[in-house]
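Protein chains: 2
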Amino acid sequence: MLEDKSPQLTPISKLGEFGLIKHLTAHFPVMQDSTKVAVGDDAAVIDAGSSKMVISTDMLAEGVHFNLGYVPLKHLGYKAVAVNISDIAAMNATPTQILVSVAVSNRFPVEALEEIYSGIALACNRYHVDLIGGDTTSSNAGLVMSITAIGLQDENKIVKRTGAQENDLLVVTGDLGGAYMGLQILEREHSVYLANPDMQPEMEGYDYILERQLKPEARTDIRKKLEELDILPTAMIDVSDGLASEILHLSDQSKVGFHLYEEKIPMDSTMISTAEELNLNPAMAALNGGEDYELLFTISPSDFDKIKNHPDFTVIGHATAESSGNYLVASGSNQLIPLTAQGWDAFLNGE
Amino acid sequence: MLEDKSPQLTPISKLGEFGLIKHLTAHFPVMQDSTKVAVGDDAAVIDAGSSKMVISTDMLAEGVHFNLGYVPLKHLGYKAVAVNISDIAAMNATPTQILVSVAVSNRFPVEALEEIYSGIALACNRYHVDLIGGDTTSSNAGLVMSITAIGLQDENKIVKRTGAQENDLLVVTGDLGGAYMGLQILEREHSVYLANPDMQPEMEGYDYILERQLKPEARTDIRKKLEELDILPTAMIDVSDGLASEILHLSDQSKVGFHLYEEKIPMDSTMISTAEELNLNPAMAALNGGEDYELLFTISPSDFDKIKNHPDFTVIGHATAESSGNYLVASGSNQLIPLTAQGWDAFLNGE
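Keeping their order, the protein sequence lines are chains A and B.
The first sequence maps to residues 1 to 351 in this note's numbering.
The second sequence maps to residues 1 to 351 in this note's numbering.
The hints are simulated quantities; they were obtained by calculation from the structure and are not laboratory data.
Watch out, some of these pointers could steer you wrong.
Copies of the same chain are indistinguishable here, so a pair counts whether it falls within one copy or spans any two.
Claimed, not checked - Straight-line alpha carbon distances no greater than 27 Å define the calculated BS3-like cross-link-like pairs of lysine-lysine that follow:
| no. | residue 1 | residue 2 |
| --- | --- | --- |
| 1 | LYS36 | LYS225 |
| 2 | LYS157 | LYS22 |
| 3 | LYS157 | LYS225 |
| 4 | LYS215 | LYS255 |
| 5 | LYS36 | LYS224 |
| 6 | LYS255 | LYS14 |
| 7 | LYS225 | LYS74 |
| 8 | LYS157 | LYS74 |
| 9 | LYS14 | LYS306 |
| 10 | LYS36 | LYS255 |
| 11 | LYS157 | LYS36 |
| 12 | LYS255 | LYS22 |
| 13 | LYS14 | LYS36 |
Just chain A, with the same shape it has in the complex (with noise of 0.2 Å):
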């Protein structure tokens, strides 16, 4: 679509900064309470009663983050609004507002803006969301994008990073490794289709990792969940960037070290079919792989009961001393193994 010369295109300086802004927003409804004003003037206005709000905001860029030669743009939209929505979720607040800001070179007509915008007023749709502000501008590159999401919630009730204790149990809620191992087939079909284009891709088979990785959902069920059981996490981070480098990030914040059991990650079997097939190790895609938007937290030993059994949640290992450091437990050896952050990283993977 982004390279289609067809005459019905609409080229983005037709429509100018103010009238595209105004194009792409016209039909985003008002549904929180605290929307006090939205798009269209110098600021949105934001009515935080006596919650506290909770605020974040994230980049992403065309070539590093996401490649738009397999990620529709309309996927695209609603992916950037859930992994800040994810943001939200891991502070265990409600996600009330957006704000989307777009750069995108003059090679993108105004339909590739309205496919994004359309994945986006989806996700304000599945989240509850309203979109109160933004900025559209062009860039001599390709496209980049940044999302500021807030969010709800008692002071009391937020969890932060900096909360674990040692002996608390680590907890990790859905399965991981799956929207890595969606981008490796997303690429190797990618590869395979720059090579041959006449040849079919061969997606079968691979829906639920594929939808990992093109459409994954922010965890904002999780906060309600965990308040039906009881339970206060006492710290907690998105699953961003794989879960050795979150666990690091809560290690580093709590001041705790923590043992990581390799055979309690929970991993879905079309993941593992596929890292075999295409010979990875799966639980290293668990680990490193990132992206999977799931929600990895701390519970005081207490809770445990409340937990054990729960379908969405699995215990993967518990807090130490900060002196011990961080170790990978190995499956059926029980040797100690160092975490390390392979995480993904923009600045050593991108360009």
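Starting from the known structure of chain A, fit chain B onto it as the hints suggest.
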């Protein structure tokens, strides 16, 4: 500096994404009571207390909003913050926090980012705002910055673009056109430099307009001054895209027309003499130049006595019925010239 391959410069990949953001944000003190959690967690936490929170975001792209050939990186950082703070001031709110995201190609060393952040730090200190979050990532192309600014104000004191009434007076702070004229000088000297790198740039005597372009200030002083005069504007906007464009925004959102008197537009003497030197019309620079970051607002006619002869404010026109349209009343002839938005548009001027 950017093209310098000298060995003391540090490639960004040496620090990695987490190392980089930690390194760049290590020396930003928390100054605002409302900042509960700043940089370093999934999200920042803000206490809005009984005030309402005002929030705005902007994106700046290399080659579109700035040219690193003549904009020092430190100034770029400062200006990016000031521009966003200006949006908060335009809501009659007090700026309190910012979030900054930067996408850069690997051709930038860490020291270049440090320069940008030193400008950001200077602006944070100048405006008493806390840096509470952000993201750094690589990009395949140039430099893109995204800033989100937050402010506080009581609900009944927030001034939107929508409240102007027929017969209200149109008032502007400071003077206009200087930033645009400063840009003309920078571009002229840059062309001379490109043609002959040994030539010394001729910047003397242009200090005021160069500073207007390179180091604009947000008018955060105006909120307090208006409060002291017991004036609450009926509508307000900041002059980022040019006076004409902003008047049309107020017109569109308040459903009124405006008469703007050319002879009343406040202009600085250096701006006027430079315009004459370059064979440009100074009034056109004020009308369409943009980037002055002054505040444009409407007040009830009954407030006129409070504001007349105040050195910070100039009454430049008045609101009419919406059906009357928007006109510039030309100096001398009193001819009515329809106002059109020829303001700065990233999609029309960019690339």
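Going down the list of hints, with the structure as the test:
1. In the homo-oligomer, the alpha carbons of LYS36 and LYS225 lie at most 27 Å apart only across protomers (26 Å), although the nearest pairing inside one protomer, at 29 Å, exceeds that limit.
2. Only between protomers do LYS157 and LYS22 lie at most 27 Å apart by alpha-carbon distance; the minimum there is 26 Å, versus 37 Å within a single protomer.
3. For a Cα distance limit of 27 Å, the shortest separation of LYS157 from LYS225 inside one copy, 14 Å, qualifies, whereas the shortest one across copies, 40 Å, does not.
4. In this assembly of identical chains, the alpha carbons of LYS215 and LYS255 never lie at most 27 Å apart, being 34 Å within a copy and 42 Å across copies at closest.
5. Taking identical chains as interchangeable, the C-alpha atoms of LYS36 and LYS224 lie at most 27 Å apart whether they share a chain (25 Å) or sit on different chains (23 Å).
6. Taking the shortest Cα distances, LYS255 and LYS14 sit within 27 Å of each other only across copies (24 Å), while inside one copy they are farther apart (55 Å).
7. With identical chains, the CA atoms of LYS225 and LYS74 are never at most 27 Å apart, being 30 Å at best within one copy and 47 Å at best between copies.
8. Taking the closest pair of Cα atoms, LYS157 and LYS74 never come within 27 Å of each other, the shortest separation being 34 Å inside a single copy and 39 Å across copies.
9. In this assembly of identical chains, LYS14 and LYS306 lie within 27 Å of each other by CA distance neither inside one copy nor across copies; the values are 58 Å within and 44 Å between.
10. In this assembly of identical chains, the alpha carbons of LYS36 and LYS255 lie at most 27 Å apart only when taken from different copies (20 Å versus 40 Å within one copy).
11. Both within a single protomer and between protomers do LYS157 and LYS36 lie at most 27 Å apart by alpha-carbon distance, with minima of 24 Å and 13 Å respectively.
12. Taking identical chains as interchangeable, the C-alpha atoms of LYS255 and LYS22 lie at most 27 Å apart only when they sit on different chains, with a minimum of 17 Å there against 47 Å within one chain.
13. Taking the shortest alpha-carbon separations for LYS14 and LYS36, neither the intra-copy value of 31 Å nor the inter-copy value of 44 Å comes in at or below 27 Å.
Violated hints for the displayed structure, listed by number in ascending order: 4, 7, 8, 9, 13.
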